[in-house]
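Mind docking chain U on chain V? Use the hints.
There are 2 protein chains.
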Amino acid sequence: MKGDQEFVKEVTSQMVDFSQWYLDVVLKAELMDYAPVKGCMAIRPYGYAIWEHIQQLLGERIKATGHKNAYFPLFIPQSLLQKEADHVEGFAPEVALVTRGGGEELAEKLVVRPTSEAIICSMYAKWVQSWRDLPLLINQWCNVVRWEKNTRPFLRTSEFLWQEGHTVHATEAEAEEETLKMLGVYREFVENELAIPVIAGRKTEKEKFAGALRTYSIEALMSDGRALQAGTSHNLGQHFARVFGIQFQDRDDELKYAWQTSWGVSTRLIGALIMVHGDDRGLRMPPRVAPVQVVIIPIIMKKKREEVLAKARELMQRFAGTLRLELDEREGYSPGWKFNEWEMKGVPLRLEVGPRDLENGGVTAVRRDTGEKSFVPETELEQCLPMLLREIQEGLFQQALRFRRENTRYAENFGQFKEIVVEQKGFVLAHWCGEAGCEERIKEETKATIRCLPLEEMDGGKVEGPCICCLKGRGKIVYFARAY
Amino acid sequence: MKGDQEFVKEVTSQMVDFSQWYLDVVLKAELMDYAPVKGCMAIRPYGYAIWEHIQQLLGERIKATGHKNAYFPLFIPQSLLQKEADHVEGFAPEVALVTRGGGEELAEKLVVRPTSEAIICSMYAKWVQSWRDLPLLINQWCNVVRWEKNTRPFLRTSEFLWQEGHTVHATEAEAEEETLKMLGVYREFVENELAIPVIAGRKTEKEKFAGALRTYSIEALMSDGRALQAGTSHNLGQHFARVFGIQFQDRDDELKYAWQTSWGVSTRLIGALIMVHGDDRGLRMPPRVAPVQVVIIPIIMKKKREEVLAKARELMQRFAGTLRLELDEREGYSPGWKFNEWEMKGVPLRLEVGPRDLENGGVTAVRRDTGEKSFVPETELEQCLPMLLREIQEGLFQQALRFRRENTRYAENFGQFKEIVVEQKGFVLAHWCGEAGCEERIKEETKATIRCLPLEEMDGGKVEGPCICCLKGRGKIVYFARAY
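Going down the list, the sequences are from chains V and U.
FYI, in the working numbering the residues of the first sequence are 1 to 484.
FYI, in the working numbering the residues of the second sequence are 485 to 968.
Extracted from the complex, chain V is given alone in its bound form (with noise of 0.2 Å):
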């Protein structure tokens, strides 16, 4: 029989090498597999099981919100892409290149695309005619390539999936309402789904997408103490309507560019995930993004084998229709063996059924957020199931939000800003004096970078101050961080 502990021994300690102890997870509670191309992964079925879930519930959300999915080309002609010059300077150097198709040398190589502006672009310059096409709102799921040299499986790899949306607009305030209301979607979804504390704020000249006006993102807290882009959302001004050409008749009669937004989560969300929930024994999925809700394990000794059985079927199919369920019935491996593997898999709340359970008319719930046991009679397990989860997603987000608070510290000079990056991590707040010049050195001499400017002020009265690094220009607060 495979025994207890083994399991949870391959995979590092998180304060011994949290790096290490990601990949060892990763693999351990089958969320991915290396695949033979360099920078790209094979997401396995639990693993995609959490990007289906994230798919149906933000996918809701986006739906909700006016816009219809649609799809693309995934190849994007090499002229389209250089058309914007911010945009092709900024995919240029890390895109793959389709130079041959059905035996012969292409004309004109193809770029697979690293995101679908370009593409949708040509297209919308031929839906958009009038002030009654707009506003356009339209989001695509797919998968999208950018040739990565230091890959790590979920959070950086050549190919990902991600959602996208695309919009059209007929006035720029239009256009920058919708992009803070999809940031804002997004920092609802992010919490209430996937349990995870963010911070949204925009992000610096230096740090926007290419070929945006103004990017906005929401920062989340690792529980290394490095932040993680979880989100963006990008107000295009009129860029992109410009080079491409998408004009529309507006009611005064005049021809007009239109402005556009754009917006993106991706599986990097699953790696988020892992990192602010996870600890020593493996993930801690959210219940409500957790591929398995529950499992129940049949305590199985000589006595009453049956009877242990036959209770954890009827229990299997008693919630079988409201829950998500696993329950683990094979032979070969001992209990111990099933916690520590359901374990590492997050499961969130773990069902044991044995004879003395049976002899006190319920069963022993352990919580995988706390390792909290409780005994819950027959009777009440109808409330008491979706009770014991709605309580682990909330202990999930509230332990996240307090860890980043410990970790949110104000630097009020350069030396005492180095100590936190080094020493402390997680956030850093500064004064910055909105020079890129002050950005870069800071980025140079810490690796940190600015997370982002908060949309919420951050100290009351006290807006603005001296530049954390020049001393000399003035501003507000912004978040800093070592990032993924």
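Hint data in this document are derived by calculation from the structure and do not stem from the laboratory.
We treat Cβ as the ideally placed atom computed from N, Cα and C, and that holds for glycine.
Please note that a few of the clues may not be correct.
[As the list claims (entries may be wrong)] Here are the simulated lysine-lysine pairs, DSSO-like style, with alpha carbons at most 27 Å apart:
| no. | chain 1 | residue 1 | chain 2 | residue 2 |
| --- | --- | --- | --- | --- |
| 1 | V | Lys-68 | U | Lys-512 |
| 2 | V | Lys-149 | U | Lys-593 |
| 3 | U | Lys-902 | V | Lys-63 |
| 4 | V | Lys-63 | U | Lys-690 |
| 5 | V | Lys-63 | U | Lys-740 |
| 6 | U | Lys-927 | U | Lys-665 |
| 7 | V | Lys-109 | U | Lys-593 |
| 8 | V | Lys-126 | U | Lys-522 |
| 9 | U | Lys-593 | V | Lys-38 |
| 10 | U | Lys-512 | U | Lys-960 |
| 11 | V | Lys-425 | V | Lys-206 |
| 12 | V | Lys-149 | U | Lys-960 |
| 13 | U | Lys-567 | V | Lys-38 |
| 14 | V | Lys-38 | U | Lys-690 |
| 15 | V | Lys-256 | U | Lys-740 |
| 16 | V | Lys-126 | U | Lys-610 |
| 17 | V | Lys-109 | U | Lys-633 |
| 18 | V | Lys-447 | V | Lys-472 |
| 19 | V | Lys-28 | V | Lys-83 |
| 20 | V | Lys-83 | U | Lys-522 |
| 21 | U | Lys-610 | V | Lys-38 |
| 22 | U | Lys-552 | V | Lys-28 |
| 23 | V | Lys-63 | U | Lys-512 |
| 24 | U | Lys-740 | V | Lys-28 |
| 25 | U | Lys-927 | U | Lys-692 |
| 26 | U | Lys-610 | V | Lys-28 |
| 27 | U | Lys-665 | U | Lys-690 |
| 28 | U | Lys-740 | U | Lys-552 |
| 29 | V | Lys-28 | U | Lys-547 |
| 30 | U | Lys-931 | U | Lys-902 |
| 31 | V | Lys-68 | U | Lys-567 |
| 32 | U | Lys-665 | U | Lys-552 |
| 33 | V | Lys-206 | V | Lys-68 |
| 34 | U | Lys-512 | V | Lys-126 |
| 35 | V | Lys-109 | U | Lys-522 |
| 36 | U | Lys-547 | V | Lys-68 |
| 37 | V | Lys-447 | V | Lys-208 |
[Stated by the list, open to error] Stretch-level coverage of chain U by chain V, calculated; a stretch enters the list once three of its residues show a Cβ under 8 Å from a Cβ in chain V:
| no. | stretch |
| --- | --- |
| 38 | 631-643 |
| 39 | 853-859 |
Here is chain U on its own, set in the frame of chain V:
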């Protein structure tokens, strides 16, 4: 105000030029638009919504039969694709090749997946070790690329969307059972959800999938008399297992090569929907997959303008939760124009709300499939609307079935065979000896191919007869047709 008839006039009649009718309709109904990449298309929201319903309804069935979704890389190293000899021979001529990435020439060229056997088998070789790992039942929804010379929206495009199931089994019998089970799933899905009757059968050696042991397909008849392969299911035998080394320790401790299957349907199904059900007024969508099931059109005149609009909005609200509804309140368009536009989009049911309907306490319901009008009292709407939609779904299926029956003919001799193929089109049933030579000669002389060797016996006792081509060999009755 936009007039009544111009909308339909822009579409070629099916009788005049079926092929042009098809191209007119896909554009006019806004299913797709041509993209600035050879052979690729943008699937517009209305067309993509059909695909989303297909994904949902077929996806449920794929999961209900025990399969889990996953995602494998877009790129396949050329050497992997070349491992299985027949497979590479079948797909090499139509691949797109990535030769540059991140600004550098790649050491090994990457094939953009035309199908994923090669990349998936390379992963399965790692994941399958013991009989405990079997059966392995995985499906993926993704894009694939096959460099096509002659393309046609939805039917044959260089990039298309599909699902591909890939399973591994311990025995040949289990693989064959799976292959036929999924063919059955496709058949039931296509008939019940898309309202398209299909013939299920086996492909000949010549027509089978490159690398398969046996290929099965479902074949549908388009309303121009040409056949279309609507889905395929392959028993891959041990072909891929042997070259990719997918081996497992069986219960008897012996190391054995596994047996595999793969099966898929694609956005081609949208082409089938259009060509089976469409007419000169446009699409006719089966309610189960219709993006819009019911359109409400307020008939606005000076009289009772406000009451009519209020009633239309009330209906919209009343059924928004249970039906896929659209309310067309646009101003500046006559009711006739709106009728034509929604007919073009194939919306199964139109509800007209005019002053007279108000007086009579109900709405006028018009079926897209038959044009039949009926008055539905307000109190009966909850009962009537779903019933009408069910009748339309069933009506479309029966009409297509009748058409297929009327266009399936038995040929006694080669002369008659040719006449049917050229003059009458449709399916031709004929005896075939099983020789590839005869199959090829028939194709050369008539452009008709063997669609399948039907799984169900065709003619009761009269099983074998002399080959329609060589007259010497004897064989069973098979389905021939010119096909898309």
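Against the structure, the hints come out as follows:
1. V:Lys-68 / U:Lys-512: Holds - the C-alpha atoms of Lys-512 (chain U) and Lys-68 (chain V) are around 18 Å apart, at most 27 Å.
2. V:Lys-149 / U:Lys-593: Roughly 17 Å between the alpha carbons, so the hint for Lys-149 (chain V) and Lys-593 (chain U) holds.
3. U:Lys-902 / V:Lys-63: 52 Å, violated
4. V:Lys-63 / U:Lys-690: Judged against 27 Å, a Cα distance of about 46 Å means the pair is violated.
5. V:Lys-63 / U:Lys-740: 49 Å, violated
6. U:Lys-927 / U:Lys-665: 30 Å, violated
7. V:Lys-109 / U:Lys-593: 15 Å, holds
8. V:Lys-126 / U:Lys-522: Cα-Cα ~17 Å, so holds.
9. U:Lys-593 / V:Lys-38: 12 Å, holds
10. U:Lys-512 / U:Lys-960: 44 Å, violated
11. V:Lys-425 / V:Lys-206: Judged against 27 Å, a Cα distance of about 22 Å means the pair holds.
12. V:Lys-149 / U:Lys-960: Distance of about 59 Å is beyond 27 Å: violated.
13. U:Lys-567 / V:Lys-38: Judged against 27 Å, a Cα distance of about 19 Å means the pair holds.
14. V:Lys-38 / U:Lys-690: 36 Å, violated
15. V:Lys-256 / U:Lys-740: 68 Å, violated
16. V:Lys-126 / U:Lys-610: Since the Cα atoms of Lys-126 (chain V) and Lys-610 (chain U) sit roughly 48 Å apart, the hinted pair is violated (cutoff 27 Å).
17. V:Lys-109 / U:Lys-633: 17 Å, holds
18. V:Lys-447 / V:Lys-472: Status holds; Cα separation ~22 Å.
19. V:Lys-28 / V:Lys-83: Answer violated: Lys-28 (chain V) to Lys-83 (chain V) is near 44 Å, above 27 Å.
20. V:Lys-83 / U:Lys-522: Roughly 19 Å between the alpha carbons, so the hint for Lys-83 (chain V) and Lys-522 (chain U) holds.
21. U:Lys-610 / V:Lys-38: OK: Lys-610 (chain U) and Lys-38 (chain V) at ~17 Å, within 27 Å.
22. U:Lys-552 / V:Lys-28: 18 Å, holds
23. V:Lys-63 / U:Lys-512: 24 Å, holds
24. U:Lys-740 / V:Lys-28: 26 Å, holds
25. U:Lys-927 / U:Lys-692: 16 Å, holds
26. U:Lys-610 / V:Lys-28: 14 Å, holds
27. U:Lys-665 / U:Lys-690: 23 Å, holds
28. U:Lys-740 / U:Lys-552: Within the cut-off at roughly 24 Å; holds.
29. V:Lys-28 / U:Lys-547: 24 Å, holds
30. U:Lys-931 / U:Lys-902: 10 Å, holds
31. V:Lys-68 / U:Lys-567: This hinted pair is violated, its Cα atoms lying about 41 Å apart.
32. U:Lys-665 / U:Lys-552: At roughly 16 Å apart (the allowed maximum being 27 Å), Lys-552 (chain U) and Lys-665 (chain U) satisfy the hint.
33. V:Lys-206 / V:Lys-68: 32 Å, violated
34. U:Lys-512 / V:Lys-126: Holds: Lys-512 (chain U) and Lys-126 (chain V) sit about 14 Å apart, inside 27 Å.
35. V:Lys-109 / U:Lys-522: 12 Å, holds
36. U:Lys-547 / V:Lys-68: 25 Å, holds
37. V:Lys-447 / V:Lys-208: 18 Å, holds
38. 631-643: holds (count 5)
39. 853-859: Contact hint for the stretch 853-859 of chain U vs chain V: violated, 0 residues under 8 Å.
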